[in-house]
Amino acid sequence: MGNVYANLALNSLRKNKNFYLPYIMSSAMMIALYFTLQQIATDPVIRGIHGGKTLTMILNIGLPVIALLSALFIVYMSSFIMKRRKKEIGLYSVLGMEKRHVIRVVFLENIIVSASAIAGGMIGGVIFEKLAQLLLLKLLRQDADLNFNIDFKSVQVTLIIFALIFIFILLNSIREILFKNTLTYIKEEQVGEKKPKARWALGLIGLVILGIAYYLACTVTSGGVAVSRFTNAVMLVIVATYILFIVGSIAVLELMKRNKNYYYKTNHFISVSGMVYRMKRNGAGLASICILSTMVLVMLSSVTTVLFYNDKAFDDRFLYDFDICADDYKHVDENNDAYTEGYDSQEIIDQIYDAADNAGVTVTDLVSYKTYCYYGDYRTDSIGATPDFSGEYVEYWLVTNEDYNRINHTDLNLEENQLGYYFLSGKFSFDTSVDVEGVGRYAMLALKDRPLIMPGEYTSTCLDVCFIVVPDELGLRSYVDSLASFWQLEDPDFVLVDSILSQTYFAFNVEGSDEDEIQFFNTYNEMYLDPIPDDNLSEYNTNFGRYEGVYRTIFCSALFRQVFYNMYGGLFFLGILLSIACIVIAVLIMYFKQLIEGFEDAKRFAIMKKVGLTNEEIKKSVYSQIVMVFLTPLVAAGIHTAFAYNMIKSLITLFGISNIDGYFVILLISMAVFMVFYGIVFLITGQKYFDIVNKAENAI
Amino acid sequence: MSMLEVKNLKKIYTTRFGGNKVTALTNVSFTAEKGEYVAIMGESGSGKTTLLNILAALDKPTEGEVILEGKNLNTVSDRSLAAFRREKLGFVFQDFNLLDTFSVKDNILLPLVLAGKKHKEMEELLKPIADKLGITELLEKYPYEISGGQKQRAAVARAIITNPQIVLADEPTGALDSKSTDELLGLFNKINGEGQTILMVTHSVKAASTASRVLFIKDGVIFHQLYKAGQTNEAFYRKISDSLTTLVGGQTVGGED
Numbered sequence: 007m008g009n010v011y012a013n014l015a016l017n018s019l020r021k022n023k024n025f026y027l028p029y030i031m032s033s034a035m036m037i038a039l040y041f042t043l044q045q046i047a048t049d050p051v052i053r054g055i056h057g058g059k060t061l062t063m064i065l066n067i068g069l070p071v072i073a074l075l076s077a078l079f080i081v082y083m084s085s086f087i088m089k090r091r092k093k094e095i096g097l098y099s100v101l102g103m104e105k106r107h108v109i110r111v112v113f114l115e116n117i118i119v120s121a122s123a124i125a126g127g128m129i130g131g132v133i134f135e136k137l138a139q140l141l142l143l144k145l146l147r148q149d150a151d152l153n154f155n156i157d158f159k160s161v162q163v164t165l166i167i168f169a170l171i172f173i174f175i176l177l178n179s180i181r182e183i184l185f186k187n188t189l190t191y192i193k194e195e196q197v198g199e200k201k202p203k204a205r206w207a208l209g210l211i212g213l214v215i216l217g218i219a220y221y222l223a224c225t226v227t228s229g230g231v232a233v234s235r236f237t238n239a240v241m242l243v244i245v246a247t248y249i250l251f252i253v254g255s256i257a258v259l260e261l262m263k264r265n266k267n268y269y270y271k272t273n274h275f276i277s278v279s280g281m282v283y284r285m286k287r288n289g290a291g292l293a294s295i296c297i298l299s300t301m302v303l304v305m306l307s308s309v310t311t312v313l314f315y316n317d318k319a320f321d322d323r324f325l326y327d328f329d330i331c332a333d334d335y336k337h338v339d340e341n342n343d344a345y346t347e348g349y350d351s352q353e354i355i356d357q358i359y360d361a362a363d364n365a366g367v368t369v370t371d372l373v374s375y376k377t378y379c380y381y382g383d384y385r386t387d388s389i390g391a392t393p394d395f396s397g398e399y400v401e402y403w404l405v406t407n408e409d410y411n412r413i414n415h416t417d418l419n420l421e422e423n424q425l426g427y428y429f430l431s432g433k434f435s436f437d438t439s440v441d442v443e444g445v446g447r448y449a450m451l452a453l454k455d456r457p458l459i460m461p462g463e464y465t466s467t468c469l470d471v472c473f474i475v476v477p478d479e480l481g482l483r484s485y486v487d488s489l490a491s492f493w494q495l496e497d498p499d500f501v502l503v504d505s506i507l508s509q510t511y512f513a514f515n516v517e518g519s520d521e522d523e524i525q526f527f528n529t530y531n532e533m534y535l536d537p538i539p540d541d542n543l544s545e546y547n548t549n550f551g552r553y554e555g556v557y558r559t560i561f562c563s564a565l566f567r568q569v570f571y572n573m574y575g576g577l578f579f580l581g582i583l584l585s586i587a588c589i590v591i592a593v594l595i596m597y598f599k600q601l602i603e604g605f606e607d608a609k610r611f612a613i614m615k616k617v618g619l620t621n622e623e624i625k626k627s628v629y630s631q632i633v634m635v636f637l638t639p640l641v642a643a644g645i646h647t648a649f650a651y652n653m654i655k656s657l658i659t660l661f662g663i664s665n666i667d668g669y670f671v672i673l674l675i676s677m678a679v680f681m682v683f684y685g686i687v688f689l690i691t692g693q694k695y696f697d698i699v700n701k702a703e704n705a706i
Numbered sequence: 010m011s012m013l014e015v016k017n018l019k020k021i022y023t024t025r026f027g028g029n030k031v032t033a034l035t036n037v038s039f040t041a042e043k044g045e046y047v048a049i050m051g052e053s054g055s056g057k058t059t060l061l062n063i064l065a066a067l068d069k070p071t072e073g074e075v076i077l078e079g080k081n082l083n084t085v086s087d088r089s090l091a092a093f094r095r096e097k098l099g100f101v102f103q104d105f106n107l108l109d110t111f112s113v114k115d116n117i118l119l120p121l122v123l124a125g126k127k128h129k130e131m132e133e134l135l136k137p138i139a140d141k142l143g144i145t146e147l148l149e150k151y152p153y154e155i156s157g158g159q160k161q162r163a164a165v166a167r168a169i170i171t172n173p174q175i176v177l178a179d180e181p182t183g184a185l186d187s188k189s190t191d192e193l194l195g196l197f198n199k200i201n202g203e204g205q206t207i208l209m210v211t212h213s214v215k216a217a218s219t220a221s222r223v224l225f226i227k228d229g230v231i232f233h234q235l236y237k238a239g240q241t242n243e244a245f246y247r248k249i250s251d252s253l254t255t256l257v258g259g260q261t262v263g264g265e266d
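Same order as they appear, the protein sequences are chains Y and W. Under this note's numbering, the first residue of the first sequence carries the number 7, and numbering increases by one thereafter. Under this note's numbering, the first residue of the second sequence carries the number 10, and numbering increases by one thereafter.
Simulated from the structure, these hints should not be mistaken for lab results. None of the values given here were measured: they were computed from a predicted structure. Some hints here could point you the wrong way.
[As the list claims (entries may be wrong)] PhoX-like cross-link-like pairs, simulated, lysine-lysine; straight-line CA separation at most 25 angstroms:
1) Y:Lys625 to W:Lys126
2) W:Lys126 to Y:Lys271
3) W:Lys237 to W:Lys16
Use the sequences and the hints to build the structure in full.
See the structure below:
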C-alpha cells in the first residue's frame with residue numbers, strides 16, 4: 007500500500023518536473039550559498055589570517071539576510087507550485103482519496119523534494135565553498151591553502167535553518183488540505199481573471215513616493231547624509247516600484263485604451279489589452295525582478311569600486327609607515343574626570359627612537375603636529391560650533407601654519423584673520439569670508455595639500471574632515487580659547503575632552519621590510535602601551551592602549567594593509583555572494599513567469615487563430631508583449647541605479663575612498679554586463695515559453 | 010450558382026510514421042444555397058468535425074474541392090487564408106472562444122480591428138447587432154462576468170459583424186443549458202431570416218430541428234438528408250429522430266434530447 011503513495015508522489019513530481027526541477031535546483035542553490043557563507047564565516051583558515059575576524063563580522067551581517075531571502079523565496083516558489091497543482095489534488099479527492107491519503111502523498115512529495123534539495127545543496131555547498139575560499143584568499147592576497155575541513159557546526163546550522171523552512175512549507179500544505187474542501191480545487195483553475203482596475207490615485211502616490219526617493223538620493227552631499235537617508239530612500243523606492251508596477255502600469259495602459267482611435271488599431275489592439283492582463287498578473291513579480299536587479303547593480307558596482315580603490319584608499323590613509331596619536335592630557339583621577347597638563351611631544355619622540363633602537367630598526371622622516379579637533383555644522387558662509395546634526399556637519403581639525411608647512415614642505419604664509427582649509431572629500435568649499443561661530447570672521451583660503459590624516463578613525467568615520475590652518479600658535483590659542491568661552495568651558499586646555507579633542511600626531515617611516523615594521527610595532531607596544539581590555543575590539547586592540555593612563559593609538563601600515571584587504575575583499579566577496587543570491591531569485595521568478603505566460607498564451611493563440619489571425623500576426627504581437635514585459639524591470643532598474651548614483655558614490659566615500667570618479671565607469675560596465683546577462687537569461691527562459699506555445703500550437 | 014459547393018471531399022489522415030491511414034471523409038458532396046440554414050448531424054467520429062475544419066479552411070482535403078461563392082478554397086494561398094477566413098467566414102464554437110483579455114465589445118470588434126476598419130465605422134456596425142442579439146448591456150463586461158448563453162451570443166455577434174458569406178457553427182449549443190439553447194437557436198433563426206447563410210454541425214436533434222435542412226453523415230459519407238419545408242420544429246424534430254432511429258438501425262445519435 008505504501009508503494010502506491012510513493013508511486014503517486016514520484017509520478018506527480020515527474021509530471022510537474024517543469025516546476026519541481028527549478029524549485030529543487032534553486033532551493034539547493036540557496037542552501038549551497040548559505041552554507042558557503044556560514045562555512046567561510048567559521049573557517050579557521052580565514053579566521054586565522056590577520057583581520058580575518060573583521061571579515062567574519064561582515065559575513066555574519068550577511069548571513070541572516072541570505073537566510074531570510076532564501077526562506078521568502080522558497081516559500082514563494084512552493085506556494086506557487088501548490089497553486090498550479092490544485093486541480094491535481096482535487097482530482098485525487100474526486101477519485102475517492104481521503105484527506106489523510108492526499109496528505110500522505112503530499113508529505114512524501116515534500117520529503118523527496120526537500121531531501122534532494124538539501125542533499126544537492128550541501129554537496130554543491132561544499133564544492134562552492136572551496137571555490138569561494140580560493141577566490142576569497144586570492145582577493146585577500148593570501149596564499150591559498152587547499153584543505154577540505156568541513157565545519158560541522160555550519161552543516162548543522164544550515165540543515166536546521168532549511169529543514170525548518172521545508173517543515174513550514176510541509177505544514178502549510180497539510181493545513182491547506184485539511185481545512186479546505188479539496189474537491190472544489192478541481193474547478194479552481196477555471197475561475198476567470200478579474201478585470202484589473204486602474205487606480206489612478208494610488209499610481210499617482212507611487213509617482214510622488216518615487217519622486218521623493220529620487221530627490222533624497224540626488225541631494226545627498228556627504229557620506230554621513232547618505233547613511234542617514236539610505237534606508238528611507240531604499241524603502242521608498244521599493245514601495246514606489248511595487249505600486250507603479252502593479253497599478254501604475256495598468257493606469258497607463260488604461261489611458262491608451264481610452265484613446266479609441268489609438269486603441270482600435272491592429273497593432274495596438276491586441277498588445278494593449280494583452281499587456282493589461284500581463285501587468286496585472288506579473289506586476290508584483292516584475293517589481294521584484296526590478297528591485298533585485300537594482301540591488302545587483304548597486305552592489306556589484308559599489309563593491310567593485312571599493313575593491314578597485316583598495317590600494318588608493320590605503321595610500322590615502324597611510325602617508326607614512328606609522329602614525330601615533332597621543333592625547334594631550336593626563337588623567338589625574340579617572341573617577342573624577344580630572345586632567346592635568348599634557349605631554350611634551352619631545353618625550354614621545356624620544357620613546358619612538360628608543361623603541362626603534364630596541365627593535366633594531368631605523369626611524370626616518372618623523373613629523374609631528376598638534377591639533378585641536380571639534381565637530382561643527384558646515385555651511386558655505388560659516389563654521390558652526392554647535393552642530394544640530396540636521397544638515398551637513400564636519401570634523402574640523404585645527405593646525406598651525408608652521409606645522410602645515412613643515413609637514414607638506416610648503417611655504418604658506420597666512421595673514422592674521424585668514425584661515426586655510428582643506429576638505430578631505432574635496433566636495434565642499436567656503437565663501438571667501440566666513441563667520442566662525444564663537445570665534446570671529448576670517449578670510450578663507452583653499453589649500454592644495456592636506457596635512458596628515460588622523461589614525462584609525464578616518465576609515466570608519468561618516469564625517470567629512472576639514473583641516474583648518476590657523477596663522478600661528480597665538481591664533482590657534484585664541485581660536486580655541488574663544489571656542490572654549492563660547493561653550494563656557496573654564497579651562498580650555500584640559501577640560502576639552504568632550505568638546506575639543508586636543509591631540510598630538512606623530513608620523514614616520516621605518517626603513518626595511520614589513521617584518522621590520524612589525525618588529526618595531528611589537529616592541530613599541532610592549533614598551534609603552536598598556537592594552538585596553540575590550541572584547542569587541544579584540545582585533546584592533548594592539549592599536550589602542552594607554553600610556554600612564556592616557557589614551558594613545560599606533561597604526562602600522564604593514565599590519566593594517568591586511569585589515570584593508572580583508573575588509574574590502576570581504577565586502578567584495580559578500581557583495582558578489584548577495585548579488586548571486588539576488589540574481590538566482592530574479593532568474594527563477596523570470597523562469598516561472600515565462601512558464602505561466604506560455605501556458606496561458608497557448609490557449610489564447612488557439613483562439614486567435616480560429617478567429618482569423620495569422621500565425622505571424624499572433625507571434626509578432628505576443629512576442630513583443632513578452633519582450634516589453636521583461637524589459638521594463640531592467641529599464642526601471644537602470645533608472646533607479648542612475649538616480650542612486652550620487653548616494654552610492656557618497657556611501658563609498660565612507661570606505662576611506664575620497665575621490666571615486668572611477669565609480670561612474672564601473673557602474674556603466676556593471677550595467678552593460680548585467681544587461682547582457684539579463685538578455686541571455688531572458689532568451690533562455692523565453693525558449694521555454696516558445697517551447698510550450700509551439701507544442702500547444704502543433705497540437706491544435 | 011450555389012453559395013457553397015462541396016465536391017467529392019476526401020480526407021485521409023496518415024499517422025506520423027506513415028503507417029496507419031485513417032479515412033475521415035470518404036466522399037462528401039453537397040451544396041448550400043444563399044440564405045439556407047443547414048445542419049449536419051452525425052455521431053462522434055463520423056467525420057463531421059473534419060468536414061467543418063475543411064470548410065473553415067483550417068484543414069486541407071486530400072481530394073475534392075470546396076467552392077465558396079465561386080471561389081475555390083484550394084486556390085487561396087496560405088498567406089491570405091487568414092484574411093479570407095476573417096472576411097468570408099464567421100465562426101461560432103462550442104466553447105465560445107472569447108478572449109479573456111478583451112471586453113465583450115472588444116471581442117466582437119476583433120475581426121473589424123484586424124480588417125483595419127475605422128473606429129467610428131466599427132461602432133456603427135456594432136450597435137444594431139448588439140441590439141439584435143440583446144447584448145448591448147453586456148458590452149463593457151468581460152467574458153468571466155457573463156453566463157454561457159451570453160458568451161455564445163457575443164460569439165455570434167463576433168461571427169456576423171463582418172457580414173460573412175457563411176456562418177460556421179460547431180456544436181454551438183453543446184455547452185449551454187436548455188433555456189440558453191432555445192435563445193440561441195431562436196437567434197440563429199432570426200439572423201437566418203435576415204438572409205444569413207448558416208452551416209451548423211451538431212448532434213442535438215433539437216438544434217437540428219430549427220434548421221431548414223439536415224444532412225446526416227456517417228463513416229465519411231452523407232447518406233441522407235431531410236428538408237424542413239414548412240414543418241413546425243416539433244414535427245421536424247420527430248422526423249429527424251425517426252430518421253436517425255431507422256437509418257442508424259436503432260442507434261440514437263448522441264445522447265441528448
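**OP:** Could you tell me which of the hints above the structure violates, numbers in ascending order?
**Re:** The structure conflicts with no hint, since it agrees with every one listed earlier.
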